[in-house]
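Residue 367 is where the sequence shown starts when you use the working numbering, and the numbers rise one by one after that.
Just so you know, these hints were derived from the structure itself, not from any lab.
All of these numbers come straight from a predicted model, not from anything done at the bench.
A portion of the hints provided could be inaccurate.
Derived CB-CB ranges, DEER-like [as the list claims (entries may be wrong)]:
no., residue 1, residue 2, range
1, 395, 471, 33 to 41 Å
2, 391, 475, 31 to 39 Å
3, 427, 481, 15 to 23 Å
We put the beta carbon where it would ideally sit given N, CA and C, even for glycine.
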Amino acid sequence: MTAPTDRPDGKFEQLWLPLWPLASDNLRDGIYRTSRQKALGKRFIEANPDAISNLLVVDIDHDDALIRAMWDREQWRSNAVVENPTNGHAHAVWALEAPFARTEYAHRAPLAYAAAVTEGLRRSVDGDTAYSGLMTKTPSTPAGQATGSPTTSPCRTGTPPAHQSGFRWRNA
């Protein structure tokens, strides 16, 4: 299986939007804005820029995180799973075909839809409920081993896929 983040293809860099992202090698030392090129060398990077989002990230704090993220998900497999090789915990990343706005002027429906989809993905893999989604593991560093499906293309937004029912997460 080839990872969508392997160089020289640079597929992750094509999906990843921030130009001056937050980045850090150690979160306890703080996170700082840096150039895109320097950020790709850090252990943790900002998943999405401030104003728009195109990546949905779920933190999976289980030893079998890779299996949880890739198993039985033919129609909605993640674009990348960045696994910590020491403990097996991972961040699963789903890329959207078109980004959506997150500013105070953004429409609320796309924000609510993205939150519901992210919550559904989190529940499907028993992901971390406290994960904020701001920082994610960098796929191109030795501290994060990237795995993904080479056939997975960015998800289309609009009508919910057939596997998503009319269930409302806020009523759960």
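Tested hints:
A hinted range of 33 to 41 Å holds for the C-beta pair residue 395 and residue 471, which are about 34 Å apart. Between residue 391 and residue 475 the CB atoms are about 38 Å apart, so this pair conforms to the stated range of 31 to 39 Å. About 20 Å separates the C-beta atoms of residue 427 and residue 481, a value consistent with the hinted range of 15 to 23 Å.
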